[in-house]
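Visitor: Could you put together the complete structure from these sequences and hints?
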Amino acid sequence: MKKYTYTESKDTRSGFGAGLLEAGQQNENVVALCADLIGSLKMNDFIKAYPERFFQIGIAEANMMGIAAGLTIGGKIPFTGTFANFSTGRVYDQIRQSIAYSGKNVKICASHAGLTLGEDGATHQILEDIGLMKMLPGMTVINPCDYNQTKAATIALVDHEGPAYLRFGRPVVPNFTPADQKFEIGKAVMLNEGADVTIIATGHLVWEAIQAGEELEKEGINAEIINIHTIKPLDAAAILKSVAKTKCVVTAEEHNRLGGLGDSVAQVLAKELPTPQEYVAVDDSFGESGTPAQLMEKYGLTAADIVKAAKKVISRK
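For the sequence shown, our numbering assigns the number 1 to the initial residue and increments by one for each residue that follows.
Note that these hints are calculated values from the structure, not bench results.
Please note: incorrect hints may appear among the correct ones.
Below, in silico cross-link-like pairs of lysine-lysine (DSS-like), each with a Cα-Cα straight-line distance of 27 Å or less [as the list claims (entries may be wrong)]:
no.: 1; residue 1: LYS76; residue 2: LYS182
no.: 2; residue 1: LYS298; residue 2: LYS218
no.: 3; residue 1: LYS245; residue 2: LYS218
Pair ranges (Cβ atoms, derived) [to be verified]:
no.: 4; residue 1: ALA60; residue 2: GLN181; range: 32 to 38 Å
no.: 5; residue 1: LYS245; residue 2: ASP36; range: 47 to 53 Å
no.: 6; residue 1: SER315; residue 2: MET135; range: 30 to 36 Å
no.: 7; residue 1: GLY162; residue 2: ASN222; range: 34 to 40 Å
no.: 8; residue 1: ALA60; residue 2: SER315; range: 48 to 54 Å
Nothing here was measured: the structure is a model prediction, and the numbers come from that model.
A virtual CB, placed ideally from N, CA and C, is assigned to each residue, including glycine.
Guide: Structural data, given as structure tokens:
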């Protein structure tokens with residue numbers, strides 16, 4: 001098992017803030033819009049550097065999406081910022097009609113996604129957003145795993161033409177990917193090569209998958225671990241190559257079991273290579289108030305749950 005270490009834990013939303021500033025430095029057409037959550041989205045540095053390229057829309061998320069769509073007509077590259085719940089569920093019609101349908105070059109950037117929003121509870125812990133966004137034709141869906149990868153993904157979106165959804169979170173998590181990484185949209189990252197089981201993880205569950213791989217190694221199980229940061233377009237070739245070798249797969253995500261990464265992987269396998277699969281995800285329920293750690297444990301999203309799923313799927317070969 002390849003060893004991964006980190007020197008600090010950082011929130012992925014801060015990676016977005018750092019990436020947005022660098023994106024603005026690289027391209028004068030980058031503009032930012034926010035729905036009254038500047039601090040939460042870590043947009044302060046961009047605003048300080050480029051006040052004329054920032055638009056505070058207020059608590060009017062639907063209006064923000066419409067304005068962002070309009071800005072693209074003049075050649076601007078708008079990055080919108082609010083919580084994931086408000087970035088998708090609250091404004092789905094505006095995204096569908098004004099952004100996705102006409103292929104507008106809007107980057108929908110969403111913080112506070114998933115259960116790890118914590119104490120704010122079920123009304124804010126959206127667990128359906130990946131499914132909502134990946135169903136929109138032409139929409140790219142990205143869910144990075146740590147600060148460095150979120151920063152790199154934000155910068156990469158500047159040169160990506162078309163609508164995109166970037167999902168990140170509030171809690172501090174291990175920052176273990178390279179600071180100088182090249183982020184390739186739609187390209188999976190191989191974290192550990194193995195032969196016994198494939199573990200495909202996204203977002204905050206990537207670090208849990210690494211920890212699970214270390215535990216499995218102690219029991220003589222060699223796990224292949226893949227970081228799927230881009231859920232759409234999905235790197236089907238990487239998935240098929242791995243599963244052809246291991247003959248079984250576990251998918252891990254901080255999202256509803258229905259409509260997320262696991263569903264996307266299952267579609268690929270059902271069509272090309274039917275394979276035993278286990279899901280580590282929220283089992284078709286809403287969340288609740290609690291600390292991120294408490295919720296991850298209660299809803300079965302820990303390294304221990306990935307270990308359990310791996311053993312189960314191996315027995316189904």
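Visitor: The structure should be examined with respect to each hint, and the outcome stated for every one.
Guide: Evaluation of the provided hints:
Our distance criterion of 27 Å between C-alpha atoms is met by LYS76 and LYS182, whose separation comes to about 24 Å. For the hint linking LYS298 to LYS218, the alpha-carbon distance of about 25 Å falls within 27 Å, and the restraint holds. A distance of roughly 21 Å separates the Cα atoms of LYS245 and LYS218; the hinted pair therefore holds under the 27 Å criterion. At roughly 36 Å, the beta-carbon separation of ALA60 and GLN181 lies within the given 32 to 38 Å, and the hint holds.
In this structure the supplied range 47 to 53 Å holds for LYS245 paired with ASP36, their Cβ-Cβ distance being about 49 Å. Between SER315 and MET135 the Cβ separation comes to about 33 Å, which falls inside the hinted range of 30 to 36 Å. With their beta carbons about 39 Å apart, GLY162 and ASN222 fall inside the hinted range of 34 to 40 Å. Hint check: ALA60 to SER315, Cβ distance near 52 Å, so the stated range 48 to 54 Å holds.
Of the numbered hints listed earlier, not one is contradicted by the structure.
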